[in-house]
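S.K.: Position one of the sequence shown corresponds to residue -17 (this note's numbering), numbered consecutively onward.
There's no promise every hint is true.
[What the hints assert, rightly or not] Below 20 Å or equal to it, Euclidean Cα-Cα: the simulated DMTMM-like pairs (lysine to aspartate or glutamate) are:
id : residue 1 : residue 2
1  : 791       : 751
2  : 778       : 741
3  : 865       : 794
4  : 830       : 795
5  : 778       : 873
6  : 272       : 510
7  : 783       : 794
8  : 861       : 873
9  : 79        : 69
10 : 272       : 303
11 : 778       : 597
12 : 783       : 795
13 : 865       : 828
14 : 79        : 115
15 : 865       : 847
16 : 181       : 51
17 : 181       : 314
[Stated by the list, open to error] Just the calculated beta-carbon pair ranges, DEER-fashion:
id : residue 1 : residue 2 : range
18 : 313       : 350       : 42 to 52 Å
19 : 313       : 163       : 26 to 36 Å
20 : 630       : 795       : 36 to 46 Å
21 : 185       : 162       : 27 to 37 Å
22 : 62        : 229       : 38 to 48 Å
FYI, nobody ran anything at the bench for these hints, they're computed from the structure. Glycine included, every Cβ here is placed at the ideal spot set by N, Cα and C.
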Amino acid sequence: MSLVERDHELDLLYQRLSDCLAGASSVTLVGGALGLGKTALLQTLSARAAESPSVTVLTAYGNRSGQPEPLDTVTQLLRGVELSADDREEIGHLLAKGRQAALAGDPGVECVDQVPTGLFHQLAAGLVRALGDRPLVILIDDVHLVDSASQQWLLHLARYLTELRAMIVLTNCEGPNPVSPLFHTELLRLPSYRRLTLKPISPAGAGQIVSMLSGEDDADLGAGFHVITGGNPLLLRALVQDRMAAGSAPGTLFRQAVFACLYRSQPQVRWTAETVALLGDCASPALVGKLLDLGEEEVAANLDALRAMGVLADLGFRHPDIRSAVLETCQERAQLHASAARLLYWEGSPISVVAEHLLASGRAAEPWQAQVLESAADESRDPEQANAYLELAYQDSADTGHRTRLALRLARSAWRTQPATVAGSLVRLERLPQTEYGTILAVAAHRFWSGNPREAARGLEEATTRVAGRDDHAAMALWVARLWLSTACPALPEPPDLPDAVEPQLGVDQTRRAASALRALVRGECADTSAAQAQEVLRIVWLDDGMSAWAAAIAVTVLCHAERLDAAAAACDRLLEGAGRHRGCEGIFAVLRAEIAVRQGNLPLAERYAQEAADRLPVAHWSLMAAVLQGIRLAVAVGSGDLARAAALASAPLPEALLDTRYGMRYLYRRGQYYLAAGQSHVALSDFLSAGRLAQRWGVRLPALGEWRVGAAEAYLAIGNPAQARRLLDEQLALLGPGDHRIRGSALRVLSGLVPRSERIACLRQAGDASRAGGDRLELARVAAQLHDACRTAGKNDLAKIAALQALKLADECRAVPLQRQFVAHRPPAPAAPGDIESDRLTVSELKVASLAARGHTNRQIAGELHVTMSTVEQHLTKVYRKLNVRHRKELVSRMEHAV
């Protein structure tokens, strides 16, 4: 092994070896910190001595694994001596006698004073006798770990140096508790004694080691490694080998080398390193001393030893990996963290620092510890860290009320940051006493979405009875929850009205207004009034607490059911943006946005938000929420023509409670649509009529939930019962209000199959106008498809062609594959070069006017339908003619293929 910057020490040892061969004896003590190369120096010297056949080399090592047996080192040395049978028996007897004498007092405690002095002389004389005049080299590593009896024997042997040609070299690890002062003093009395002290490698020497091991001649790399290791050769070599093996350093070998240095050091040096690592930036000699119950001088000596070892620089570790390695070796880490937390708390350290130690200790049974953890959770900007503090406080709290409050905080935090995991927190909360209305509402919501709406209702009713007359705010919050629940589960009774004197808090009041608007809408009252109330709630709502977010979600639901889809979509988009990092709110709003997108016929957007909601929410535990998303995906699959996926969704198991909710009515309608598309008309009819029976049983008059009539009418048509179909469609159209455009559009489309052929085109045009006003692009595509068929049957091929192009364009937007396939032949080829239409497209207003003109409408009819003046129509047509390069209306049909 090539040693770097150890030439002076090697030269002196080699000279002493030569003197030994010439007859001069010597004793040398090599000192230095751990890892500086003392062992390597002995190995190099041993190899040189072994080159001379006449030399006897005896080696031994101090015991690093615990308390050595008396005379253990002497035993190691004498194993290398060639002894006669008589000498071996005699020396074996002496060793056994010496061990017995040293342990004659307390069992396991060595007392060298009890060993007869003559025994040491006899052992030394036996060695001298066995060697004769052969030169002797004794090498003992870590003499500070050698048992006292062996040290005493070495001193007796040294007195024979004048009779021997002997060289004794010992190594000693400097630091606290070095070699025995008495032993060292006796060595100093020897005339041939010499002490050497190894120093850390210089930056230049570090560069040499890097070059020697890796072949890289990089002075900067060597200097950088020197900073990390402090010039400790053991750490340096490990660092280089890590870099050679993995391409980066520090790595595993480096951490193992740090561990080796600590393991070989004195226990209190290792404890000091562990304490400094554990305290981190808070570490100080005073705190280290208090934690370890050490005096100032002892702490200073331990810190000096760690600096000499290359582990510390001042009071900080030279590299983060050194700190990690130190902590990994700490066997009493949890207890040390607990002690550190207590000490730092009483020293007035920051709450966050104390909380980190409590968290690492895994214990917080005392009241002050729970207070620290809760305060740290309040201050923390890291939600996961805050949750960890609260979890520990919860686990060790003995007070049930305190545990309930902590469980509610954890549930709210999980809802905000990791809503997919909130079910576990809510289950835990459900098992605890529920006294505060926040806890009651959280448990009720969990029960509802888990598929137990009746349990949720029962819990809310019982809680209402408990707080009646004692807490008006709680009573109002519970009343609002019961009101919403009655709209979600129309079979449940509505709560009795509260006295007007109760003034709710802002968030509760917003939720009350939104829920009241939803109740009115479900009852079939004026949709305009409910929508206006919802818009007012959304105008003032702030997503600052759970109640406000709940109010916003209900208000968006009102707009959706009131067929204000554009307003609902805009509001939901704003809420999604405003939710920020509130993942639970994002999940709920994503569900609503997916539902809105389905009703608008935007299938890709619906799928995207349904997936986002599934990723955010605990759908594995919330069976009702999973069923809602299943219904949305079913509608997307049917609309996009993916009947295989739709079949899988339609056959998936459903929670029993789904059909107790309005979500169940919606699901039945969508599953019926699948069966209709799959050609199973009778099964489809059964689902549609089941939805209708639920609506009639519950008295639901909400037009948006009355689509079952349109679906049933389609099914009746498919099985050849037009009379029943006409009855249901007439009934549906009679129930619709002025703003129910979307459902009117679908009803008129189906009705067009029942009216005389002469009226079919007009009926479909009305359906198209209604669907366009309702914002349902997929329904509008279906209307255009049927209009194409009706126009072609009527011999109006030009109009049929325009309708086909419109159907294809809308199908492309909606990703409605069946319609895309139906009209693929009508897809215009891409122009070879940009033309007038590409470079100067028609505006929306121009396109509307051109489409009506191509259908044969007069300017007056166009003006009346679009509610514009005749002059405006003429101006738009002039621009259309110029952009499309046409002169007459007859040319519009062919040129509109590109414009549409």
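S.K.: Does each hint fit the structure? Answer for all of them.
M.R.: For each hint, the structure was consulted:
no. : hint                  : verdict
1   : 791 x 751             : 17 Å, holds
2   : 778 x 741             : 14 Å, holds
3   : 865 x 794             : 25 Å, violated
4   : 830 x 795             : 18 Å, holds
5   : 778 x 873             : 15 Å, holds
6   : 272 x 510             : 73 Å, violated
7   : 783 x 794             : 17 Å, holds
8   : 861 x 873             : 15 Å, holds
9   : 79 x 69               : 15 Å, holds
10  : 272 x 303             : 26 Å, violated
11  : 778 x 597             : 50 Å, violated
12  : 783 x 795             : 19 Å, holds
13  : 865 x 828             : 10 Å, holds
14  : 79 x 115              : 28 Å, violated
15  : 865 x 847             : 23 Å, violated
16  : 181 x 51              : 32 Å, violated
17  : 181 x 314             : 33 Å, violated
18  : 313 x 350: 42 to 52 Å : 27 Å, violated
19  : 313 x 163: 26 to 36 Å : 30 Å, holds
20  : 630 x 795: 36 to 46 Å : 26 Å, violated
21  : 185 x 162: 27 to 37 Å : 36 Å, holds
22  : 62 x 229: 38 to 48 Å  : 44 Å, holds
In this structure, the earlier hints numbered 3, 6, 10, 11, 14, 15, 16, 17, 18 and 20 are contradicted, and the remaining ones agree with it.
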